[in-house]
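Enquirer: One line per chain: the protein sequences are A and B, in this order. Going left to right, the first sequence walks through residues 1 to 323 as the numbering used here numbers them. Going left to right, the second sequence walks through residues 1001 to 1186 as the numbering used here numbers them.
Treat each hint with caution, since some may be false.
Said to hold, decoys possible - Straight-line C-alpha distance at most 20 angstroms; calculated SDA-like pairs for lysine to any residue: (1) LYS49/A <-> ASN1017/B; (2) LYS44/A <-> LEU1115/B; (3) LYS13/A <-> ARG37/A; (4) LYS13/A <-> CYS26/A; (5) LYS1067/B <-> ALA1054/B; (6) LYS15/A <-> TYR43/A; (7) LYS1006/B <-> TYR43/A; (8) LYS49/A <-> PRO1037/B; (9) LYS44/A <-> LYS1105/B; (10) LYS284/A <-> ILE313/A; (11) LYS13/A <-> SER1154/B.
The set of hints was computed from the structure by calculation and includes no laboratory data.
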Amino acid sequence: MKAPKEYLRLPGKHKDLMGNYFHLWCARDHLLSVSYRFGDEYYKRFYYKDIQTIIIRKTVMGKVQNGIMGGMTLFFGVMAFLTGDIGAVIFGILALSTTILLLVNIVLHGPTCESHIQTAVQKEKLKSLKFLKKAIKSADIIKKHIQQNQGVISAQELRTAFKAAPSSEKTVNVDEALPLPQHSNIHSALFIILVLLGLSGAYGFFYQTVVVSFIEMLLCLGASVIMVMALVRQYQIRIAGSIRAITWATLGYICIYLGCGYVLYIFFLIKNPTLAHNQWKLFKTMAALSPLSHPLLTGIGVFTISGALILGIGGFFLLRRLK
Amino acid sequence: MIKCPKCETRLPESTINTSRLEACLACGVMIRADAFPALIRKQSAVQTGELLQAENEASCFYHPKKKAVVPCSVCGRFLCALCDVELDGCSMCLTCVEAGKNQRKIKSLENKRTLYDNRALSIAVVPMLFVYPTIITAPIALFMALWYWKEPSSIIPRTKIRFIIAIILSLCQIAGWLLVLWFFIR
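The following block holds chain B by itself, in its conformation from the complex (with noise of 0.2 angstroms):
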C-alpha cells in the first residue's frame, strides 16, 4: 500500500486522495497522496505461449512447439503470446524491438539523445572567457553547428535557436581572428 516517504510507515486511507496536505501519523510529515486504480488492480498472469495442438495449426518463429497468436507488424514473423511485445498498440517481435531501439525508429524506446546544439554553443562560448582558445574552438564549434543541423534533436520541443546562436558567435570570433592576423601581416 502508500508509505510515508519519510518513515515507510503505511499511510491509513483517511489521508489519502483529500487533495490537501495531510499529516504522517507517525512522524508528522506534511503528506499529499494521490491513489489511482492501477494501486488495487490485479495483476495478469504473464502468457507464456500456448503449445501446439495440431499439426496445421501456425508456429511461432522463435518457439516452433508454441502456437503462433498474432504476425510482428514490422516483420510479419508469427509471434506466440511469449514473443508478442506490445508497443504503441502494435505487436512486435524482440529482434524488431531491438533493431528499433539501435536505429531510433522506436521514440518511445529512446532513452538518451546528445544534444549537439548545446554542445555546440557551450564550445562557441565558455572559450571566450579565456579568448585565446577561440582560435582552435571557433572553428569545432562552426564545423558541429553544421555537421550536426540535421540529427534529431530533443525530444521534447526545441528550436534551432543553439545552433543559430553558435554559427553567429563562431563566425564573429573567425573573422576577429582574421582581423588579427590581417594587421599582424599589414
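Bound-form chain A, shown alone (with noise of 0.2 angstroms):
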C-alpha cells in the first residue's frame, strides 16, 4: 500500500514581478509557507494546535485590474479600428491578448483577498492566497485539520472571552455602528459627470464644435472639483472599498486628462506662436483639430472617452448596486 504524503499542496499560489514564489502545504501537524527567490526555498511552519485565527479580507484589487484591463482592451480595439494594416494587426492581437486575460481574471480567479494567520506571539500574511475562491477553499482544509489539532470553539466560549477581553481595545459597537455602505450625493454627481464627459467627448471625437470643446471643458473642471469633495467625503463617512478605489482612480485620470491637455496646448502654441495672444481664437483653433488628424491625437481621444466612460458607468453601478 502507498504511504500517505507527508506534504499536501493547499490551492492558491503567487508569483510576484520579482520571480519570488509562495504556495503553501498541509502536513500532519502543521501548515507550511513555501517562498521560493532565486533557486532557494524558505520555509515557515504554522503548527495547527498555535493557530489562533485565519483572516480573509476580500480587497478591490481584482476590480481595479480588470477595469484598467477593461480600458486597455477598448483602447487597443478601438485603435486597431483606427490604424490601418499592419498597426491593425499589432494592436488587434494586444486587444485579443487583454480581453483573454480579462476573461481569465474574471472567469478562474474571480474576486481578491488577503489573507493572514494569526498566532499567539505572531501574525502573517499568506502572500499565496489572494484570491478570494482558492483562499476559502484552503482556509476550509486547514480550519478542519486545526478542529481535529485543537477542537472546536462554541459560540459561548467565544462570547465569553469577548466579554473578558480588555476594553482598551478600539471597537464598534453593533447597535452604534451606521447601515453599511452608505450612500453619498457627491459620489454619484461625480460618476455622471464623468459619463457626461466621457459621452461629450465621445461626440467631440467625430464632430469638433467650439460648443462641445466648451462644455467638455466646463464637465472636467466641474469633475476635478466635485473630485475632492468626494475623496474629502469618503474620509468622513463609511463608504464602500470599491467607491474608494474608484474616486481614487478618478484622481490618477483627471491628473493625466490635464496634463495631456496641458502638453496639447504648450505644443500648439508653439506650433502656432501667433495665437499665443490671442486665447479665443486659440481656443477655437484647438476645438476644430480632429483626433483622428493624428495618432497621438487619437490614442488621447480614445483615453480620455473610454477612461471617462469605465470609471464613471463603472462607478455609478457599483453606487446603484450598494444602494
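Build the complex: two chains, separate frames, hints provided.
Expert: Structure (C-alpha cells):
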C-alpha cells in the first residue's frame, strides 16, 4: 500500500514580478508556507495547535485590475479599428490578449483577497492566498486540520472570552454602527459628470465644434472640483472600498487628462506662436482639431473617452448596487 | 482579540466563525474570520526548573543546581525543565537541537533549502537565448546536475525532472558545439 504523502498542497499560489513564488502545504501537525527566491526555498511552519485565527479580507485589487485591463482592451480595440494594415494587426493582437487575460481574471480567479494567520506571537500574511475562491477553499481545509488538533470553539466560549477581553482596544458596537455602505450624493454626482464627460468626448471625437469643446472643458473642471469634494467626503463617512478605489482612480485619470491637455496646449502654442495673444482664437483653432488627424491625438482621445466612461459607468453601477 | 486587518478595529463576536464574508463595522471591508480554541487558551507559565532538594537527586548537565527531569533523547544528558526542548515528541538539549539544525538532521527545524535542480535548469536554459554563452554554461549545468543529483532537494514532494531536463539540454548544447568545432576543423 502506498504511504500517505507527508505534505499535501493547498489551492492558491502567487508569483510576484521579481520571480518570487509562494505556496502553502498541509502536513499532519503543521501548515507549511513555502517561498521561493532565486533558487532557494524558504519555509515557515505554523503548528495547528498554535493557530488562533485565520482572517480573509476581500480587496478591491481585482476590480481595479479588471478596470485597467478593460480600459486597455477598449483602447487597443479602438486603435485597431482606427489604424490600418500592420497597426490594426498589432493592436488587434494586443486587444485579444488583454481580452483573454480579462476573461481569465474574471472567470477563473474572481475577486481578490488578503489572508492572514494569527498565533499568540505573530500575525503573518499568506501571500499565496490572494484570490477569494481559493483562499476560502484553503481556509476550509486548514480549518479542518486545526479543529482535529484543537477542537471547536463554541459560541458561548467566544462570547465569554470577548466579554473578558480588555476594553482598551478600538471597538465598534453593532447597535452604534452606521448601516453599511453609506450612500454619498457627491460620489453619484462625480460619476454622472464622468459619464457626461465621456459622452461629450465621444461626440467631439467625430464632430468638432466650439460648443462641445467648451462643455467638455466645463465638465472636466466640474469633475475636478467634485472629485476633491468626494475624496474629502469619503474620509468622513463609511463607504464601500470599491467606491473609494474608483474615486482615487478618478484622481489619477483627471491628472492624466489635464496633463495631456496642458502638453497639447504648449505643443500647439509652439507650432502656432501667432495665436498666443488671442486666447479665444486659440481655443477655437484647438477645438477644430480632429482627433483623427494624428495618432497621438487619437490615442489621447480614446484614453479620455474610455477612461471617463469606464470610471463613470462602473462607479455609478457600484453605487446603485450598494444602495 | 481579533482585529480587522485593514482598520485594526476589534471585530465583534457576531462576525466570527460564520463561515461567510461579513462586513467590518468600522471600515466596511468584507472579512471572514475563523477563530480556534488557541485564541482563548490561557498561556502556561514558563518552566524555569526546580532547584535540587537533596544531594542524591540527579542534576541538570547545564545547570548543576537544578533538578533533572528528563534525559536528552539524542545525547542522553540529564536536563532540567528549563533546558528541555520538546521537538517532534522528543526531549532534546539545546546543543543537540543546534547540531541537528546545522547538520540538517531535524527536518522540522529546516527553514531554507537550495534547489540545485532549478539552478542547473536555469543555467541550461537562460543562456540559450544568447547562444554563445552556452559554450561555458552547458558544461557548468551538466556538472551541477550530476554533482548535486543526490543532494536533498525541497522538503515538499519534488521529482528529478528538472535535473533530467538540465542534463539533456546541456548534453545537446555540448554536442552542438562539438559539431560546430568538427565542421570548423574539417
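Enquirer: Look at each hint and say if it fits the structure.
Expert: The hints, checked one at a time:
no. : hint                    : result
1   : LYS49/A <-> ASN1017/B   : 18 angstroms, holds
2   : LYS44/A <-> LEU1115/B   : 17 angstroms, holds
3   : LYS13/A <-> ARG37/A     : 14 angstroms, holds
4   : LYS13/A <-> CYS26/A     : 14 angstroms, holds
5   : LYS1067/B <-> ALA1054/B : 9 angstroms, holds
6   : LYS15/A <-> TYR43/A     : 16 angstroms, holds
7   : LYS1006/B <-> TYR43/A   : 26 angstroms, violated
8   : LYS49/A <-> PRO1037/B   : 9 angstroms, holds
9   : LYS44/A <-> LYS1105/B   : 17 angstroms, holds
10  : LYS284/A <-> ILE313/A   : 30 angstroms, violated
11  : LYS13/A <-> SER1154/B   : 17 angstroms, holds
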